[in-house]
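Trainee: The residues making up each chain are set out below.
Number of protein chains: 2
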Amino acid sequence: WARAVRGLLLDVSGVLYDSGGDGGVPIAGSAEAVRRIKASGLKLRFCTNETQATREKFVKKLQGLGFDISVGEVTAPAPAACRILKERGLRPHLLVHNDLVPEFAEIDKTNPNCVVIGDAAENFTYANLNEAFRVLIGMEKPVLISLGKGRYYKETDGLKLDVGAYMKALEYACDVQAEVVGKPAKTFFESALAEMGVPPEQAIMIGDDIVSDVGGAQQCGMRAVQVRTGKYRPCDENHPHVKPDAYVDNLAEAVDIILQQL
Amino acid sequence: WARAVRGLLLDVSGVLYDSGGDGGVPIAGSAEAVRRIKASGLKLRFCTNETQATREKFVKKLQGLGFDISVGEVTAPAPAACRILKERGLRPHLLVHNDLVPEFAEIDKTNPNCVVIGDAAENFTYANLNEAFRVLIGMEKPVLISLGKGRYYKETDGLKLDVGAYMKALEYACDVQAEVVGKPAKTFFESALAEMGVPPEQAIMIGDDIVSDVGGAQQCGMRAVQVRTGKYRPCDENHPHVKPDAYVDNLAEAVDIILQQL
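Those protein sequence lines, which keep their order, are chains V and D.
Take the first sequence: its letters are residues 216 to 477, numbered as in my numbering.
Take the second sequence: its letters are residues 216 to 477, numbered as in my numbering.
Rather than coming from a laboratory, the hints here were simulated on the basis of the structure.
You may find that some hints are simply not true.
For each label pair, taking beta carbons as the anchor points, the in silico distance ranges come out as [unchecked claim]: (1) V:D471 with D:E321: 54 to 62 Å; (2) V:R303 with D:E321: 37 to 45 Å; (3) D:I472 with V:E302: 50 to 58 Å.
Cβ atoms here follow ideal geometry from the backbone N, Cα and C, with glycine treated the same way.
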């Protein structure tokens with residue numbers, strides 16, 4: 216599975232580090248693995264559904280944890296959503312994390328004609344959910360844009376519901392289907408590949424999410440490897456629809472194998 | 216549609232009154248209509264998905280609004296759920312409104328092996344949703360029991376997301392299907408009919424919810440009428456799957472027509 220590769224896409228949370236209220240902790244060997252990828256000459260893209268912070272803030276946190284990463288190397292849902300909003304003249308009501316709001320600074324938010332939902336975390340209050348619902352149900356044709364559709368993720372203090380669960384709540388209440396920006400949307404992986412200038416058959420996605428990372432990348436024609444860190448659970452190995460090209464214990468092991476094949 | 220009827224099932228919120236933080240306001244003519252049904256000799260059952268209060272408290276509120284109603288006339292989801300929990304030896308983690316908790320007083324809640332979700336309203340916090348999710352995902356075979364699956368309802372201060380939306384969030388996150396107690400579950404309508412001693416073909420359901428009230432009752436072989444009060448919206452009249460046997464402006468009009476046919 217590791218042959219003829221020119222570019223790697225790395226999921227971040229659960230692959231580089233375990234996130235948490237305290238900022239998170241690096242996964243052993245991952246910072247070193249990123250440095251080895253860069254030294255090898257392979258193209259590299261960090262491909263995250265993180266929507267709890269601007270890319271600037273997100274990258275700063277990872278640098279603080281010892282990772283060699285810059286804003287220009289990150290593919291994330293909020294900038295992708297902004298492109299869609301501008302193209303289609305959509306003015307969003309935002310149900311997102313406070314720290315993500317600056318990504319939408321240049322977008323007109325008056326008199327909303329769509330709702331954008333991200334991983335709002337503590338902003339997923341009863342009042343905020345009702346408000347987003349009322350904006351949606353009040354539209355003649357409700358438009359709901361979701362920054363990802365993850366089910367849940369792991370923080371240092373336990374599992375948390377991810378944006379996908381709240382997306383489903385609004386979808387059901389308003390009888391609409393959300394447009395998903397971010398993994399596993401095909402357009403999202405395609406942007407990351409284009410940014411690297413690598414065709415899908417020469418790229419490998421490495422992630423901890425069997426559906427969003429592995430399934431999504433494979434749908435795009437890439438190979439995909441699941442790490443046994445982050446939200447990985449042993450029952451993922453019996454997933455009814457998705458079978459990774461390989462399992463590895465962690466990012467360091469994946470990079471060992473890939474670099475041996477170069 | 217109003218001929219050969221021996222029993223009526225009335226939805227409560229949106230038919231008798233519009234609920235709200237202030238206790239709600241009666242819908243004009245509804246209190247009088249209930250009195251006329253009782254005077255006519257027709258059997259009567261109040262069939263509600265209300266799970267924000269015990270039946271005792273709920274009935275007291277309605278009496279205060281001028282309705283002739285008693286606890287013994289009410290079919291509601293919580294007692295139905297308690298029967299299921301006892302039969303199957305299930306110990307619930309409750310995500311319900313504080314005022315509903317006394318309905319579960321006799322149920323063992325230690326070391327939970329299922330989650331029961333109701334319309335928890337202000338209790339639908341980010342923390343409580345994550346907690347219910349963690350209990351569910353921690354089970355070998357998650358069991359989720361939902362007291363209804365309504366999409367939303369109208370209170371005096373606006374539309375609110377109903378239990379169905381939060382049920383969908385947990386279903387998606389845990390990849391399970393909830394067992395729904397309450398309308399539109401067939402067993403729920405069948406209990407109400409049994410309590411009246413009336414067969415479905417001699418009963419009419421009157422409700423404001425096109426799916427839960429009208430669709431559910433029709434699935435049971437009853438006739439069903441939609442009132443143009445409560446959560447009714449004009450677009451309900453173009454519903455793709457459900458067509459009521461009749462529309463009426465309000466309960467009073469339905470009762471006028473039914474009593475003329477006796």
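Trainee: All hints are to be evaluated individually against the structure, with a verdict given for each.
Mentor: So, going through the hints one by one against the coordinates:
1. V:D471 with D:E321: 54 to 62 Å: holds, 59 Å
2. V:R303 with D:E321: 37 to 45 Å: violated, 55 Å
3. D:I472 with V:E302: 50 to 58 Å: The hint (50 to 58 Å, Cβ to Cβ) holds, given that I472 of chain D and E302 of chain V are roughly 53 Å apart.
When each numbered hint is compared with the structure, a violation occurs for hint 2 only.
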